[in-house]
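Colleague: Chains as they are written, first to last, in the numbering used here: chain D, 101 to 484; chain W, 455 to 574.
Don't read these hints as lab results, they were simulated from the structure.
Note that beta-carbon positions come from the ideal geometry of N, C-alpha and C, so glycine has one too.
It is possible that some hints are incorrect.
[As the list claims (entries may be wrong)] Restraint ranges, calculated between C-beta atoms of paired labels, are given here:
(1) W:Glu542 / D:Ala452: 38 to 48 Å
(2) D:Pro467 / W:Asn546: 30 to 40 Å
(3) D:Pro467 / W:Gly537: 39 to 49 Å
(4) D:Ala232 / W:Met455: 25 to 35 Å
(5) W:Ala568 / D:Thr285: 32 to 42 Å
(6) D:Pro472 / W:Glu542: 33 to 43 Å
(7) D:Gly194 / W:Gly537: 20 to 30 Å
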Amino acid sequence: MSEAESNVALRHTPLHAMHRRFGARMVPFAGYDMPVQYVPGVLKEHLHTRSAAGLFDVSHMGQIALRPRSGRIEDAARALEAFVPADVLGLGTGRQRYTLFTNATGGVLDDLMVSNLGDHFLLVVNAARKQADEAHLRERLSESCVVEALTERALIALQGPRAEEALAELAPDVRAMRFMDVRATSVMGEPCVISRSGYTGEDGFEIGIAGSAAEVLCETLLRHAAVAPIGLGARDSLRLEAGLCLYGCDLDETTTPVEAALEWTIPTVRRAGGARAGGFAGADAILQQLAHGAPRRRVGLRPEGRAPVRCGAELYATEGDATAIGRVTSGGFGVSLNAPIAMAYVPAAHVAADTRLFAEVRGRQLPIVVCPMPFVPTRYKRSP
Amino acid sequence: MLKYTKDHEWLRMDGDVATVGITPYAQEKLGDLVYVELPGVGAMFAAGAAAATVESVKAASEVYAPVGGEIVAVNDKVVAEPGLVNAEPTGNGWLFKMKLSNPAELTTLLDEFAYKALTE
Numbered sequence: 101m102s103e104a105e106s107n108v109a110l111r112h113t114p115l116h117a118m119h120r121r122f123g124a125r126m127v128p129f130a131g132y133d134m135p136v137q138y139v140p141g142v143l144k145e146h147l148h149t150r151s152a153a154g155l156f157d158v159s160h161m162g163q164i165a166l167r168p169r170s171g172r173i174e175d176a177a178r179a180l181e182a183f184v185p186a187d188v189l190g191l192g193t194g195r196q197r198y199t200l201f202t203n204a205t206g207g208v209l210d211d212l213m214v215s216n217l218g219d220h221f222l223l224v225v226n227a228a229r230k231q232a233d234e235a236h237l238r239e240r241l242s243e244s245c246v247v248e249a250l251t252e253r254a255l256i257a258l259q260g261p262r263a264e265e266a267l268a269e270l271a272p273d274v275r276a277m278r279f280m281d282v283r284a285t286s287v288m289g290e291p292c293v294i295s296r297s298g299y300t301g302e303d304g305f306e307i308g309i310a311g312s313a314a315e316v317l318c319e320t321l322l323r324h325a326a327v328a329p330i331g332l333g334a335r336d337s338l339r340l341e342a343g344l345c346l347y348g349c350d351l352d353e354t355t356t357p358v359e360a361a362l363e364w365t366i367p368t369v370r371r372a373g374g375a376r377a378g379g380f381a382g383a384d385a386i387l388q389q390l391a392h393g394a395p396r397r398r399v400g401l402r403p404e405g406r407a408p409v410r411c412g413a414e415l416y417a418t419e420g421d422a423t424a425i426g427r428v429t430s431g432g433f434g435v436s437l438n439a440p441i442a443m444a445y446v447p448a449a450h451v452a453a454d455t456r457l458f459a460e461v462r463g464r465q466l467p468i469v470v471c472p473m474p475f476v477p478t479r480y481k482r483s484p
Numbered sequence: 455m456l457k458y459t460k461d462h463e464w465l466r467m468d469g470d471v472a473t474v475g476i477t478p479y480a481q482e483k484l485g486d487l488v489y490v491e492l493p494g495v496g497a498m499f500a501a502g503a504a505a506a507t508v509e510s511v512k513a514a515s516e517v518y519a520p521v522g523g524e525i526v527a528v529n530d531k532v533v534a535e536p537g538l539v540n541a542e543p544t545g546n547g548w549l550f551k552m553k554l555s556n557p558a559e560l561t562t563l564l565d566e567f568a569y570k571a572l573t574e
C-alpha cells in the first residue's frame with residue numbers, strides 16, 4: 101500500500117461545507133478540494149446515477165460569458181468561430197453545442213460547451229484550463245466581446261433517468277427541454293441557467309446558479325427520494341462508460357479532433373468547401389486530416405480478463421512485441437458493465453472493432469479488444 | 455494479535471505461517487475494490503516486495519509482502535468477490551498466507567498501538 105499526500109492550499113467551491121457535512125472524502129482536483137466519493141462509495145454512487153438521479157458539484161469548472169460589444173450576437177459568434185471548428189453562427193438561441201479550442205497545429209487546448217443565451221454566449225470549460233482559456237479569449241477577442249469569468253457561480257449537475265422528475269418539482273418548464281437545450285430561467289426565485297446535458301451519458305441537467313444560492317438548491321433537490329450526492333469518482337466511471345473524453349487524459353495539445361474521433365463536432369460549413377471553411381486555429385492540419393484520415397485514432401477497448409488496464413498502459417499489436425503501437429489514455433472499471441474498459445490512441449491500421457491487441461499491465465501483456473463506444477448506451481432525451 | 459506494516463498490511467501468525475491482508479484503514483482509503491490479483495502458491499517474496507494487487511474503480515495499489523517467505527495459500531474468494539476485502543478486511547477478506555523464511559523479520563513490524571498512532 102502506498103499513498104501520496106499534498107499540502108497545497110486548495111480552493112473551495114460554494115458547496116464545500118455541504119460535502120463535508122455529508123461525509124464526503126475530499127481529494128485535490130484541479131486545484132480544488134473536491135468530493136471523490138460520499139459514504140455509499142463509487143460503486144453504489146455510479147449505479148444510483150444510472151437508475152435514479154445523481155447530484156454532482158462541478159463548480160470547479162469554468163463558466164465564461166462572452167458578450168458582443170456591438171450588442172449583436174452574430175458578432176460574438178463570428179469572433180468565437182476563430183477559436184473553435186464549430187458552427188457557432190448557426191447555433192440557435194437556447195441551444196448548446198460541444199466543441200474544442202484548437203491550437204495552431206490542430207491540437208486541442210480544451211473541450212467546452214457553448215450555449216447561445218440570446219444576447220451572449222456562455223462557455224463551460226475545464227477547471228484545469230479555465231485560467232488559460234480566459235486569458236486566451238481575453239487576449240484575442242476583447243475587441244469584439246466582453247469576456248467575463250463567472251467566478252462567483254456554482255455549477256450543479258443533476259444526472260440520471262429521474263433527474264427530470266426531481267428538477268421539474270422546482271422548475272416545471274424543464275420538462276419541455278430536450279437534449280442540448282439551454283435556457284436562462286429561475287429556480288426557487290434565483291436566476292439560473294439550465295442546460296439539458298451532462299457528462300454521464302444519462303439524461304440530465306446542469307444548473308449554473310449564484311454560489312450563495314447553490315447550497316439551498318442542492319439541499320432541496322436532495323430531499324427528493326431519487327436524488328443522492330455523487331462524487332468525482334463515479335463521475336469519471338460514468339463518463340468513461342459513455343465514451344466521453346477527459347481533457348488532459350484523452351485530449352491534449354498533441355491530439356487533433358480527428359484523431360480524437362471528434363470529427364462529428366466539425367460541421368460541413370466549417371469543412372473544405374463549406375461556406376465558412378477553416379478560419380479556426382489549426383484548420384490546415386485538421387481539414388487535411390478530415391479529407392485524408394489521421395495516422396492514429398481514439399478507440400474504445402475492452403480487456404478480455406478482469407484486470408483493469410489503466411491510463412499509461414502501452415499497447416502492442418501482437419503478443420510478445422517489444423515496440424508499443426499505442427497507449428491507454430483512460431482506463432478503469434465500468435461499473436454498470438461489471439467489467440474493465442479503456443480508451444486509447446492506436447494507429448489507423450488497428451482501429452477496426454474486434455481488433456485484438458495486448459496491453460502491458462505490471463510486466464505482462466494482456467489481451468484487449470477494440471470495441472465501439474459508448475460502452476453503455478446513452479439515454480439523452482433527444483425529442484420531447 | 456495482529457502485526458502491521460507502515461504500508462497498511464496486517465499479518466497474523468500461526469506457527470511459522472503468516473496470514474496477510476490489508477488493514478481496515480487501507481480498505482477505507484482505497485474505496486470499493488473491483489479487482490484483486492494474488493500471487494501463485496509457491497512463489498517466493500522478499501520482505502517489501504510487491505506480492506498482490508488490489509484495485510478500486512479508480513486506482514491500482516500494490517500489496518507488499520510484510521516479511522520474506524513462500525506463498526502457501528491464497529484466498530480465491532476475494533478474487534471472485536473483491537468487495538469481501540472491504541467488508542471483512544481482517545477476516546474473510548484475507549489475501550494470502552506465507553511461510554516465513556526468516557522469523558526474525560517479525561521484529562520489524564508494528565504492533566497495534568504503533569500502527570494506530572501511524573493512522574491517526
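Colleague: Taking the hints in turn, state whether each one holds.
Modeller: Structure-based check of all given hints:
1. The hinted window of 38 to 48 Å between glutamate 542 of chain W and alanine 452 of chain D holds, with their beta carbons roughly 45 Å apart.
2. Look at proline 467 of chain D against asparagine 546 of chain W: about 31 Å separates their beta carbons, and that is inside 30 to 40 Å.
3. The beta-carbon spacing between proline 467 of chain D and glycine 537 of chain W, approximately 26 Å, falls outside the hinted interval of 39 to 49 Å.
4. In this structure the supplied range 25 to 35 Å is violated for alanine 232 of chain D paired with methionine 455 of chain W, their Cβ-Cβ distance being about 55 Å.
5. For the hinted restraint 32 to 42 Å between alanine 568 of chain W and threonine 285 of chain D, the CB-CB distance of approximately 58 Å leaves it violated.
6. Checked against the hint of 33 to 43 Å, the C-beta distance between proline 472 of chain D and glutamate 542 of chain W comes to roughly 39 Å, which is consistent with it.
7. Between glycine 194 of chain D and glycine 537 of chain W the beta carbons are some 45 Å apart, a value that contradicts the proposed interval 20 to 30 Å.
Hints 3, 4, 5 and 7, counting from the list given before, are not met by this structure.
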